[in-house]
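Protein chains: 2
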Amino acid sequence: MLLPESIQSLISALERLPGIGPKSASRLAFYLLRASDEVAQDLSVALANLKANTAFCQECFNITEAGRPLCEVCESPKRDSTLICVVEESLDVLAIERTGGYQGKYHVLQGVLSPIEGIGPDDLKIKQLAARVANGGVKEIILATNPSMEGDATALYLRQQLEPMGVKVTRLARGLPVGGDLEYADQNTLLRALSGRQEMN
Amino acid sequence: MLLPESIQSLISALERLPGIGPKSASRLAFYLLRASDEVAQDLSVALANLKANTAFCQECFNITEAGRPLCEVCESPKRDSTLICVVEESLDVLAIERTGGYQGKYHVLQGVLSPIEGIGPDDLKIKQLAARVANGGVKEIILATNPSMEGDATALYLRQQLEPMGVKVTRLARGLPVGGDLEYADQNTLLRALSGRQEMN
Chain C
18 MLLPESIQSL ISALERLPGI GPKSASRLAF YLLRASDEVA QDLSVALANL KANTAFCQEC
78 FNITEAGRPL CEVCESPKRD STLICVVEES LDVLAIERTG GYQGKYHVLQ GVLSPIEGIG
138 PDDLKIKQLA ARVANGGVKE IILATNPSME GDATALYLRQ QLEPMGVKVT RLARGLPVGG
198 DLEYADQNTL LRALSGRQEM N
Chain W
18 MLLPESIQSL ISALERLPGI GPKSASRLAF YLLRASDEVA QDLSVALANL KANTAFCQEC
78 FNITEAGRPL CEVCESPKRD STLICVVEES LDVLAIERTG GYQGKYHVLQ GVLSPIEGIG
138 PDDLKIKQLA ARVANGGVKE IILATNPSME GDATALYLRQ QLEPMGVKVT RLARGLPVGG
198 DLEYADQNTL LRALSGRQEM N
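Heads up: the sequence lines are chains C and W, in that order.
The first sequence: position 106 = 123 (the numbering used here), numbered continuously.
The second sequence: position 165 = 182 (the numbering used here), numbered continuously.
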């Protein structure tokens with residue numbers, strides 16, 4: 018073993034992160050070694066505090082500060098409680114919030130149905146979503162899971178569960194991305210853009 | 018601010034690493050949040066211990082365990098002390114060691130000459146290399162800095178400094194990479210492969 022134990026263990030820890038291979042892990046480790054003490058220490062402290070200082074919102078299961086029962090969106094009296102946008106994870110909430118075009122509430126499933134990975138309905142926050150609908154006051158559920166195989170399957174399952182409860186269930190529109198190029202769009206996207214075509218107004 | 022402070026600070030700390038942009042930083046932060054406590058804790062501890070447990074070899078300036086004056090290579094009586102391979106950083110030592118084809122010693126410059134970044138000869142371990150040569154016993158210096166503009170400039174500077182001291186100075190061979198494709202080789206590489214052509218034996 019040519020590398021000191023402390024570097025080797027940092028490289029191993031970095032390698033376990035998604036999208037970081039052995040080469041990037043050693044690059045990062047040596048970068049941290051050369052960088053000012055602060056850089057490594059800040060990261061170390063942020064990691065140590067991560068789980069202790071976060072919790073999940075008791076209503077929508079978005080990530081929130083530890084000690085607060087509800088997240089900012091659920092707490093706000095300005096948000097429309099009749100509308101719930103269902104997403105896979107907290108990052109999706111952020112993405113939608115950044116658009117500034119949504120005034121309803123959210124529900125974070127914390128994953129998608131994935132038989133291959135053994136993730137069934139009970140592993141997601143689906144019961145909790147049904148409970149929110151059963152409590153009344155919800156008019157529309159927007160299914161905003163990813164436009165992937167798992168995301169579509171999850172959306173289909175949710176529709177089957179929720180529609181009988183008398184709530185309107187919608188799904189995010191599919192089509193060409195804004196600024197995209199027709200020539201480079203994949204077949205499925207183009208097919209969805211065609212079949213979902215809308216009258217201009 | 019929609020994200021809890023502890024996640025936001027982890028994302029900021031991750032963003033400062035090379036090759037990690039805002040998107041990857043948030044992905045990594047949420048991965049760490051979902052992963053078992055162990056993953057984040059291991060990384061936190063490894064980072065905290067990083068600098069305290071490492072030092073530089075007093076002879077070749079390769080990275081080594083704190084408390085040991087010399088690295089494994091410099092300590093070993095089996096290595097050829099008449100041969101010094103000069104590299105930019107510790108990772109390069111690793112790369113050459115992995116080939117298993119080098120039995121000499123090393124010298125880690127800890128960087129390259131770079132006027133743009135304000136890195137001059139005094140910022141590198143060049144004086145210490147000259148001192149090793151001056152101490153006698155060294156027959157050949159292999160310049161193994163990167164085949165980049167800065168690496169070449171550094172090699173040129175080192176040759177000017179070391180050749181007058183009566184030591185043989187060589188540079189790693191340039192040419193086509195093994196398994197490479199002539200058709201895809203860039204112009205400069207092909208030019209070097211042509212001018213450096215060798216008789217087959």
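Don't read these hints as lab results, they were simulated from the structure.
Worth double-checking, as some hints may not be accurate.
Identical chains share a label here; the pair holds if one copy fits it or two copies do between them.
Said to hold, decoys possible - Below, in silico cross-link-like pairs of lysine-lysine (DSBU-like), each with a Cα-Cα straight-line distance of 30 Å or less: (1) Lys185 to Lys68; (2) Lys185 to Lys40; (3) Lys142 to Lys40; (4) Lys68 to Lys156; (5) Lys185 to Lys95; (6) Lys40 to Lys68; (7) Lys40 to Lys156; (8) Lys144 to Lys68.
Computed from a predicted structure; not experimentally measured.
Hint check:
| no. | hint | in the structure |
| --- | --- | --- |
| 1 | Lys185 to Lys68 | neither (36 Å within a copy, 58 Å between copies) |
| 2 | Lys185 to Lys40 | neither (50 Å within a copy, 33 Å between copies) |
| 3 | Lys142 to Lys40 | between (37 Å within a copy, 25 Å between copies) |
| 4 | Lys68 to Lys156 | neither (35 Å within a copy, 57 Å between copies) |
| 5 | Lys185 to Lys95 | within (22 Å within a copy, 77 Å between copies) |
| 6 | Lys40 to Lys68 | both (28 Å within a copy, 20 Å between copies) |
| 7 | Lys40 to Lys156 | neither (51 Å within a copy, 33 Å between copies) |
| 8 | Lys144 to Lys68 | within (25 Å within a copy, 48 Å between copies) |
The structure fails to meet hints 1, 2, 4 and 7 from the earlier list, while all remaining hints are met.
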